[in-house]
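**Q** These are the residues of each chain, in order.
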Amino acid sequence: MESLVWGYVYPNEAEIQWSILIVLYPYITGLVAGAFIASSLYHVFGNKEIKPVARFALLTALAFLCVAMLPLLAHLGNPLRGIEIMFTPHLTSAMSGFGYIFSFYFIVVVLEVWLAFRVDIVKTALNSRGWKELLYSALALFSYDISEKALEADEKLGKKLAIIGIPSAAFLHGYVGFIFGGIKANPWWSTPLMPIIFLMSAIVSGIALLILLYLIVIKIKKYPLNYNTLYSLAHYLWIFLIVDVVLELLEIISMKYEALEEIEIIEHLLAEKIAFTFYGIQLTMGALIPFILLLLVGVMKNRDKLKVVMVTISSVFIVIGVFAMRWNVVIGGQEISKSLAGTLTYEPVFFGQEGVLLAIIILILPLIILRVITYILPPWKDMIEENEEAVVSSE
Amino acid sequence: MKLSRRDFTKIGSKIVIGAATGPVIIDALVKKAQASESSPDGDYDWNKHYWGYVVDTTKCIGCGRCANACKRENEVPFDEPVYRTWIERYRKLKDGEMKIDSPNAGIDGFTDDIPEEEINKAFYVPKICNHCENAPCVQVCPVGATYTTNDGVILVDFEYCIGCRYCIQACPYGARYFNLEKGTADKCTWCYHRITKGLLPACVQACPVGARKFGDLKDPESIVNKILDKERINVLKPDLGTKPKVYYLGLDREVR
Ligand code: SF4
Ligand code: SF4
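Chains as they are written, first to last, in this note's numbering: chain A, 875 to 1269; chain B, 1248 to 1503.
Keep in mind that the hints were calculated from the coordinates and are not lab data. Mixed in with the good hints there might be a few duds.
[Stated by the list, open to error] To spell it out: a stretch of chain A is covered by chain B in this simulated footprint if at least three of its residues, at any positions, have a beta carbon under 8 Å from a beta carbon of chain B; those stretches are:
(1) 886 to 898
(2) 978 to 989
[What the hints assert, rightly or not] For each label pair, taking beta carbons as the anchor points, the in silico distance ranges come out as:
(3) Asp1404/B with Tyr1097/A: 54 to 60 Å
(4) Ile1235/A with Asn1367/B: 42 to 48 Å
(5) Asp1359/B with Phe1150/A: 35 to 41 Å
(6) Phe1150/A with Ile1308/B: 55 to 61 Å
(7) Glu1406/B with Asn1001/A: 34 to 40 Å
The C-beta atom is built at its ideal place from N, Cα and C for all residues, glycine as well.
All chains, please: the whole structure from these sequences, using the hints.
**A** In structure tokens, the structure reads:
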């Protein structure tokens, strides 16, 4: 016990309240927001290079969104009462908006997916028989109009939706940052930068995840890799990574520079408790190395094979690094005592309601969901079509 | 000191009278309590009161009776590290280091594990929920299960709390804990079941040296107001703007 507690912590602080599940929650919503924003790079900003993965990114966002609620619910002391957040939200609470923002965003993403796949759905419905016809007809909401005019209307609506979608993705995640940033009791959390840091790291993690999933699909399906798409994603990844890291460093530097009352305990936290996960994983592995690798990818000519390896490594490192960032915020913040005179240690358990096992299951679940969704709504032809064009144009 | 026979009989009669009236008073209190228990609203009007609490750190001897009484009165799980009130011990060592501890919240008292010669000064600080006027725990509760009563007490509605523990994170004073049995947040109520019947909170009642005082801020004659009017007081972490209603006498700057 002694080694777990250092200095003086309030007697009630013996137990860490928010476990690994609460680390997952901002991590998963971050992946959602990031993947969604990656898809908007094409859907809203018309970046053609992203097109091959744009719809796939939407589906990825949807798959992760499906489980985003789970870690929170599993964590509640009275999960069955969770719905009260919807019925009787207490509006001064940063958490009370969660139900609404989440639901709104869910509807936006589902609608967007539907519009993006409507033509495919209708065509499949018209060309199949039996249960398949029924399923796709239902998905098409029994409206089969895919005339030029209808499609144009679809596209307009889709664009509008995506335009709503971006601020709501930003809101969904910035707001998660505010849940922590608005807690004045905790000096490690309380900073107005928190929402924007969360948002930037969300985008970074979402793009990195998309790159990885894209590469995996390419491997499994034996599609030719579209280098333009990959490099374009890598380019965005690099830019957002810079913004993200600048903000994270700004926070730490101003904390150290202003050196308020709490600085001693924060120094202790950084030096003794989360040195490895913060300096090692979050900053070096999750930011510095990818920054250099992605920079090289940007300036190097040819050598595509090597560049793909570098992008892959960067993405893996970033996905892990952002997880470490969530960990350092959620767990790190709880490892300092509000007495500012001591620290405590979070010891993850493997089994149980708040265990690592459940966390792993919740992380794998969206991949299974994604597999099912892509079975019903295959986005694959985007990846091939676009590639042929690219090949043609480069000839 | 020499006692004359007359003095002796005086003291004796005081003791006798005291012994006789004590039970009468207790009896009256109990009857009153029972009366208000049988009619749920009783004659208690929560708009007529606004409660406040004073801790005189210069008096506390660290006996831990308050924390013990609290656990029993409020059925706070005895063997778990959860507390509605606790006592901190501060020892400034000669080498300048400040040693703070609160083993089992001070319920079992404190042991001298540092030789006296090494200690410069030492004091105890009782802690409790501050029933903040501007309570962050109330602010952050997503469903409004933590609320402020009209008489200024912060309570948790156990039927309503979803157990998200956001309030525990938001309390700057470590006053809240998670009640595993109920699956809800939990904390000091200033013994709401007692104060609405005209009784004192159990901790105040249990303190043998009067280090804890409780009273009505709306009553100019209450003990709390008398102290606030006369003494120089402080609250914990005033810079956080929570406006605690637990006021401290003799608060050292190292106490947070
Ligand atoms: S001390 Fe903590 S639990 Fe009590 S009212 Fe203030 S913030 Fe709430
Ligand atoms: S744990 Fe209960 S009282 Fe505390 S914020 Fe959550 S719902 Fe409100």
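**Q** Could you run down the list of hints and mark each one as holding or not?
**A** Quick rundown of the hints versus the structure:
no.: 1; hint: 886 to 898; in the structure: holds (count 6)
no.: 2; hint: 978 to 989; in the structure: violated (count 0)
no.: 3; hint: Asp1404/B with Tyr1097/A: 54 to 60 Å; in the structure: holds (57 Å)
no.: 4; hint: Ile1235/A with Asn1367/B: 42 to 48 Å; in the structure: violated (55 Å)
no.: 5; hint: Asp1359/B with Phe1150/A: 35 to 41 Å; in the structure: holds (38 Å)
no.: 6; hint: Phe1150/A with Ile1308/B: 55 to 61 Å; in the structure: violated (44 Å)
no.: 7; hint: Glu1406/B with Asn1001/A: 34 to 40 Å; in the structure: violated (56 Å)
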